[in-house]
Amino acid sequence: MSIDSVQWGTMIGTMLTKPFALLSSDWESSRPNFNPHIFKNGSTTGFSNATLLNSGHASFMDIPLMINWSLINESGTIDPVKSYEITNTMVLRFFDNYLLNKPHHLLDIQETNPEIEIELINTKLIQ
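Take any residue in the sequence shown, count from 1 to its spot, add 105: that is its number in my numbering.
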């Protein structure tokens, strides 16, 4: 599980062999988003790519709770508590699926939370 990170090095041309989920902030069009190019080879198992809409990098930190001004905290316009709820749900469901063998369909998160877009690139083992 990768939360709003960019991968470098040998991963760029690698086909992943373990389940993987990427949860990213909503990149501004002025900033280059390299993730679609880095993960272009996908995975031989479960692979999902999700975007938390109207969020920024700080949406995955406690900064928006301390500084509630998006121009300074770089968290976008999403409600910080909603951001944490969606992030926690996605992380827990991903690990429940792959570590605890408790099936959850990741797309259910999207159905109940319009703040997230989830793309299932390879659905093997994803319930």
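Hints are not guaranteed to be accurate.
[To be verified] Simulated restraints, written as ranges between beta carbons of each label pair:
| id | residue 1 | residue 2 | range |
| --- | --- | --- | --- |
| 1 | V111 | M171 | 20 to 26 Å |
| 2 | M106 | R136 | 41 to 47 Å |
| 3 | N173 | T150 | 27 to 33 Å |
| 4 | T149 | N173 | 22 to 28 Å |
| 5 | G118 | N173 | 37 to 43 Å |
| 6 | M171 | E224 | 18 to 24 Å |
[Unchecked claim] In silico lysine-lysine, DSSO-like type, Cα no more than 30 Å apart, as pairs:
| id | residue 1 | residue 2 |
| --- | --- | --- |
| 7 | K207 | K187 |
| 8 | K207 | K123 |
| 9 | K123 | K187 |
Everything labelled a hint here was simulated from the structure, so no lab data went into it.
Since this is a predicted model, take the numbers as computed values, not measurements.
Here a beta-carbon is modelled for each residue, glycine too, at the ideal position from N, C-alpha and C.
Hints versus structure:
no.: 1; hint: V111 with M171: 20 to 26 Å; result: holds, 25 Å
no.: 2; hint: M106 with R136: 41 to 47 Å; result: violated, 22 Å
no.: 3; hint: N173 with T150: 27 to 33 Å; result: violated, 40 Å
no.: 4; hint: T149 with N173: 22 to 28 Å; result: violated, 43 Å
no.: 5; hint: G118 with N173: 37 to 43 Å; result: holds, 41 Å
no.: 6; hint: M171 with E224: 18 to 24 Å; result: violated, 32 Å
no.: 7; hint: K207 with K187; result: holds, 24 Å
no.: 8; hint: K207 with K123; result: holds, 17 Å
no.: 9; hint: K123 with K187; result: holds, 29 Å
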